[in-house]
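Line by line, the protein sequences are chains A and B.
Our numbering applies: residue 173 is where the first sequence begins, and numbers increase by one.
Our numbering applies: residue 160 is where the second sequence begins, and numbers increase by one.
Keep in mind that the hints are not guaranteed to be accurate.
[Claimed, not checked] Computed beta-carbon distance windows for the label pairs:
1) A:I504 with B:G277: 51 to 59 Å
2) A:E569 with B:R194: 20 to 28 Å
3) A:P597 with B:T225: 24 to 32 Å
4) B:R194 with A:T570: 44 to 52 Å
5) B:D199 with A:R602: 28 to 36 Å
6) A:R463 with B:N203: 24 to 32 Å
7) B:E269 with A:Q471: 18 to 26 Å
8) B:G280 with A:H599: 41 to 49 Å
9) A:S496 with B:R194: 35 to 43 Å
10) A:E598 with B:E269: 44 to 52 Å
Just so you know, the hints here were simulated from the structure itself, not pulled from any lab data.
Cβ coordinates follow ideal geometry from the N, Cα and C atoms, glycine included.
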Amino acid sequence: MSMLETERTVLYAEGISKSFVGIVALQDATLSLRRGEVHALLGVDGSGKSTLVKILSGVIAPDSGRVYVNGREVSISTPRIAQSLGIGAVHQEVRLVPFMSVVDNVLLDYAPQKRLFMLPLIDWQKIEAAAQDALDLLKMSLDLDEKAHNLSWAEQQIAKIVKALAAKPRILLLDEPAYGLSDAESSGLFRAIRLLASRGTSVLYVSPQLSEFPSIADRVTILKEGKTLGTMLADEADARSVVELLVAETSQAMAIRESDRQRREFVSLVSHELRTPLATIRGYAETVMSRPWSEDIRQECLQNIASGCERLTELVDNLLDMSSLEKGTLRIEKEPVSLPEIARQVTLSRWRRMPKTHDIVMWFPPDFPVVRADPKRIEQVLNNLLDNAVKYCLDVETITVSGTVDEENDMVIVTVQDQGVGIVPEHQVRIFERFYRVPNLEIANVEGSGLGLAICKGIIECHGGKIWVKSSPGKGSAFSFSLPLHSDRLHGHGAE
Amino acid sequence: MTKILVVEDDRSLARLAQLNLEAEGYDVTICHEGRQAIADLQTNVPDLVLLDLRLPTSVSGWDVLTYLRQDHRLRAVPVVILSAFAHDQDKKQAAAAGANVYLVKPFGIEELLACVRGLLGGASEA
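Working from the sequences, and respecting the hints, build out all of it.
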């Protein structure tokens, strides 16, 4: 706390924690209350608001934490001590004593010293006057001699406030005081609170509603799941920033639920992806055994079984890679590599396997720098990008693999450019998500695990690079990835 | 000759169905995508349709199924779904849309052939 803060602060609580049989109600909560301010304490039910009020008014003791009143550390172990420190409170669930009149109830709070022996000396007129003052302040009327159990809910609520006000506290803690009051009564209460504040009383106003605070509060503290998220000036605390603070942690909970949902969806999708190659293997195996087929057809069946197994293997490999990437355990064995050389090998081996497919043109500048990377993984990325370029082509077309050096960012960039169907912008970001497929593609024969680009992204990011796509529908796509140059270029092959 | 239309985007599975059905003496037509299937159905009325639900282009297997059940010439043609979606919900939805049988991949060849024979009244013509 700064000096100025200390001077203005009448109540300061820090590191307040409280658990009830293992349930954390407050965790390291901090609150400062300035002289003559209305301070709103906002939070949903169960966020710990009432617990904080009870701790500050001596109803319950905190497990840990310190409380300072007027700069002095205090131990508010009972309501009496709170009262002697000038702290008054209206609790949510604390009722009036039903068979006593309003004035008698006020008396309970009003006569602090040894009531039992002092009773004959109590100045009833003074107490009644104090209660009447409080009612006048609220601009409300109430029969002070009425027994509490004869009062309506709203009247009881008003009597509770009167009881707290009559003791003329310097620090007033109000736990949802407007609950059950009519609009007129509420605005009377708000007016009274402002008036009290202008006379130097500090008011902590606990509210579950966001709409209640702006009219009366100077500052706002947000409590969420037992933690104070922050304090801000009410002027700055427009509904949006408050909601943002409140929602911030909720979105974490939502993220957990979302990841749960994704996990279930993932299992469902994986089983779907496994079924197609399994159907091929089972189908052709049963077929080849069922009849005396010609040798050609037997060969065809066996080949289909083999390719089904290949697809399954690829899927399982991809799943393993994906899982390693998520756990952060994907093994990247970096060594100095020549990207043009890897590109050449990938292209050659593809050409050997599928001689009649697409033309692949390579363009790398001479003296393309050596980078440190895992050659197997980079090969995997390039193969994947080339697979996609072939899969999403419209007709026989040319695929270009090119490399550039981005001196400014100390990166090399490799781009695989096709002339295929292209991707509309809304899908360009999402295609790097696992199992994301561009819906309604006007192209047949597209199969795959749906993990390829997600894995590419993971591999490139493990290298400290980035992967992105530029595409226009109908004209083709360019997938690029960057890899950092670092100082490895200086060392070249000699570094290893 | 009994005509069967196979709508399946996976080429090896389409060929698998073709091999076995032709060996049983059926006349088999293959379509790898939904639009092609609907074009074929506009001129031809098969005796049975094998239909994959997930097809790659904008015309899905569901669309083909809907088309089959809306066209008065095709309404009675039995449809066998071949799908990798194994949830009961998918099966119920397919039944509601007018599918006769729902086979989950990987299905057995004998299972497929028995089902086709059953729907065609056991009459396989050589």
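Hint check results:
1. A:I504 with B:G277: 51 to 59 Å: 55 Å, holds
2. A:E569 with B:R194: 20 to 28 Å: 22 Å, holds
3. A:P597 with B:T225: 24 to 32 Å: 31 Å, holds
4. B:R194 with A:T570: 44 to 52 Å: 28 Å, violated
5. B:D199 with A:R602: 28 to 36 Å: Holds: the Cβ-Cβ distance is about 34 Å, inside 28 to 36 Å.
6. A:R463 with B:N203: 24 to 32 Å: 28 Å, holds
7. B:E269 with A:Q471: 18 to 26 Å: 22 Å, holds
8. B:G280 with A:H599: 41 to 49 Å: 47 Å, holds
9. A:S496 with B:R194: 35 to 43 Å: 40 Å, holds
10. A:E598 with B:E269: 44 to 52 Å: Holds: the Cβ-Cβ distance is about 46 Å, inside 44 to 52 Å.
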